[in-house]
Amino acid sequence: MILFAQVLGEPAPPDRSKPGQPKIDETLFFRIGAGDKDAFEEFYRLTERTLYAYSLSLVHNHHDALDILQETCLKVRAAAHLYEPRGKPLAWVLTIAKNLAYSKFRRDSRMVDGESLRMEDSLDFSYVEDPEDRMVLESALTILTEEERAVVLLHAVAGVRHREVAQSLGKPLSTVLSKYYRALKKLRQHLEERGVPDEK
Amino acid sequence: MKNRTIKERLRRAVQAAPLDVFDKMKDMPVERMEVHDAITRQEPGKRKRASRSKPLGMSVAAASLALAFSLGWFLQYRTVDTLVYLDLNPSIQLAANRRDQVIGLEALNGEGARLVERVEYRRKTLAQVTGELLDILLLEGWIDSDNHTLLLSVRNKDQARGEERTKALNQVIGGVLRENRIDPVVLRQTMVEESDTVREFARTYGVSPGRMTFIRNLILLDPELAVEELAGLSLEGLLRLSKEQGLDIHSIVEWDEEEWDGSDSDRDEDDSDDGSAGAPGPAPAAPQRIGAEAARRIALGLADARIVDLELEEDDGVWYYEIDMEGGGFEYEIEIHAYTGEVLKFEKEEDD
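Top line first, the protein sequences correspond to chains A and B.
Each step along the first sequence adds one to the number in the UniProt record's numbering, with nothing skipped, and position 167 is 167.
Each step along the second sequence adds one to the number in the UniProt record's numbering, with nothing skipped, and position 193 is 193.
If you are wondering where the hints come from, they were derived from the structure by calculation, not from laboratory data.
Think of the CB as a built atom: it goes at the ideal place given N, C-alpha and C, for glycine as much as any other residue.
Keep in mind that a hint or two might mislead.
[What the hints assert, rightly or not] With the C-beta cut set under 7 Å, the calculated list includes, among others, these residues of chain A facing chain B: (1) Glu48; (2) Lys75; (3) Ile96; (4) Tyr127; (5) Asp133; (6) Leu137; (7) Ala156; (8) Val157; (9) Gly159; (10) Gly170; (11) Glu192.
[To be verified] Footprint (simulated), chain B over chain A, 3 or more residues, beta carbon under 8 Å: (12) 32-43; (13) 60-72; (14) 79-92; (15) 144-152; (16) 184-190.
Taking the hints into account, I'd like the entire structure generated from these sequences.
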């Protein structure tokens, strides 16, 4: 509908949900809190890629990222009725994911040396068929810092606007912007050194 | 290798991940939590910092109570909690304590100085003082139906508190101006802090740190821009420039664009952009970028899909907008020449 309006040159209705970005309506949480299953499904469909991408930036590997994704959604179901609307639904969801990831690291580190465990984790992305695509993802997860990973994956992969990324991560916008561009540059150099071709 | 390729590859790799957890999880029983735990807690406001330790004995308690009292008083009333920069062409800074009472009002440039003198701010709230400032700005002709762009920057260490205030003040501004039949364009940014560099540059160029933050973010979006060039521009000028340069300004400030589109005289220019863009004509005398909005419209004309990403990119000296779209089961990758509007690349792929 919006499309037609724009093509025909009529004033388009205000498009609050700017490009790509999953727009969670805060009232979804109230509905989830009241046990509405459709609301939960809607929430899941809206956020799964964003949440997965962010989880991946936290835990580096598919298996754990899936765990975080799932646990986060279950937490949302368990706590949705407690949610206080503050205009930043995505921030809440991402914070849950981050807290879960950190508590997982703490648990893991009690068992084994956490860092070595994480480093040894095979970055198992065998489901990515294209070897170069896989290499780019693996590089991003290895050479970027945690913040850089989060910023790149949220924006480049999940299409979240820089401003929203800043808001959701509680970082100044300028930090997010410069981290984003620095991270892309770093990746670019790294991949060029390894001769990853530009086009498929 | 282009940034775009990196993003595409990353996106494809992440899209390929099988996420089959929904069915497993949708009926999984969960226990409704009574209260938030450490995991689900919403960012704790910094309001409840006051210590709640139990008193050791009566005298200690009394002493610490007195101390806490005076300290509390000091924190509540004397300490700056929120800083507000209001920029039109006059630049004004308001400081408020935790209770939103204004405890300081300063002009950051000569134009602001005369205004500030006329406002008695003591014992008034941020909203009240902002409203009074606007009345004077209207009276003095700084704001009218042609000049209605404002930059509202709110600085608070607690981002949530900052955002609440941004929202509230935006409503105040909108309210006062609409009463006067002016539809304002309020650019809004909430900051947690500003760097020394920003402050220094702001001082050098005689603008508010809020406006300098906006300028710095514009430069981060487009490294071709220079501070000297931007600092001298009015807000309308900055908006027009970023539009011409095709910067996705939404990614750095909040604003309600329909206000600008609906009421601004630039509208006509914009439409001609669109026309020349549809059929790439001769380059204008002074080359100007077609702008993000025009690029957006060209892209929307090419496919029945929604835009998921738009960025200005440069490759071997060629500037272009790369636009990604999704819709009807397809993904599109489009590149539009930033100066001619020519479609450099159009790829359609089945969405998986």
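Each hint, compared with the structure:
Interface restraint check: glutamate 48(A) against chain B, minimum CB-CB distance 5 Å, threshold 7 Å, status holds. Because the beta carbon of lysine 75(A) sits about 6 Å from the nearest beta carbon in chain B, less than 7 Å, this interface hint is met. At a threshold of 7 Å, the smallest CB-CB gap from isoleucine 96(A) to chain B is about 6 Å, leaving the interface hint in force. Given hint, tyrosine 127(A) at the interface with chain B, holds; its Cβ is 6 Å from that chain's nearest Cβ, closer than 7 Å.
With a least beta-carbon distance of about 4 Å to chain B, the hint placing aspartate 133(A) at the interface is held under the 7 Å criterion. Interface hint status for leucine 137(A): upheld, as the beta-carbon distance to the closest one in chain B is roughly 4 Å, under 7 Å. For alanine 156(A), the interface hint holds, the least distance from its beta-carbon to any beta-carbon of chain B being 4 Å, beneath 7 Å. Residue-level restraint check for valine 157(A) holds (minimum Cβ-Cβ distance to chain B is 5 Å; threshold 7 Å).
Annotation: glycine 159(A) was flagged as interfacial toward chain B, and the flag holds, the nearest CB pair being 5 Å apart, inside 7 Å. Given the 7 Å rule on beta carbons, the hint for glycine 170(A) holds: about 6 Å separates it from the nearest Cβ of chain B. The interface hint given for glutamate 192(A) holds, since its Cβ lies 5 Å from the closest Cβ of chain B, which is under the 7 Å cut-off. Proximity of the region 32-43 of chain A to chain B, defined as three or more residues with a beta carbon under 8 Å from a beta carbon of that chain, is established by the 3 residues found.
Counting residues of the region 60-72 of chain A whose CB lies closer than 8 Å to any CB of chain B gives 5, which reaches the minimum of 3, so the coverage claim holds. Given a C-beta distance limit of less than 8 Å, the hint that chain B covers the region 79-92 of chain A holds, as 10 residues qualify and 3 suffice. Here the region 144-152 of chain A counts 1 residues with a CB under 8 Å from a CB of chain B, which misses the bar of 3, and the coverage is violated. Three residues within the 8 Å Cβ limit are the bar, and the region 184-190 of chain A against chain B gives 3, so the coverage statement holds.
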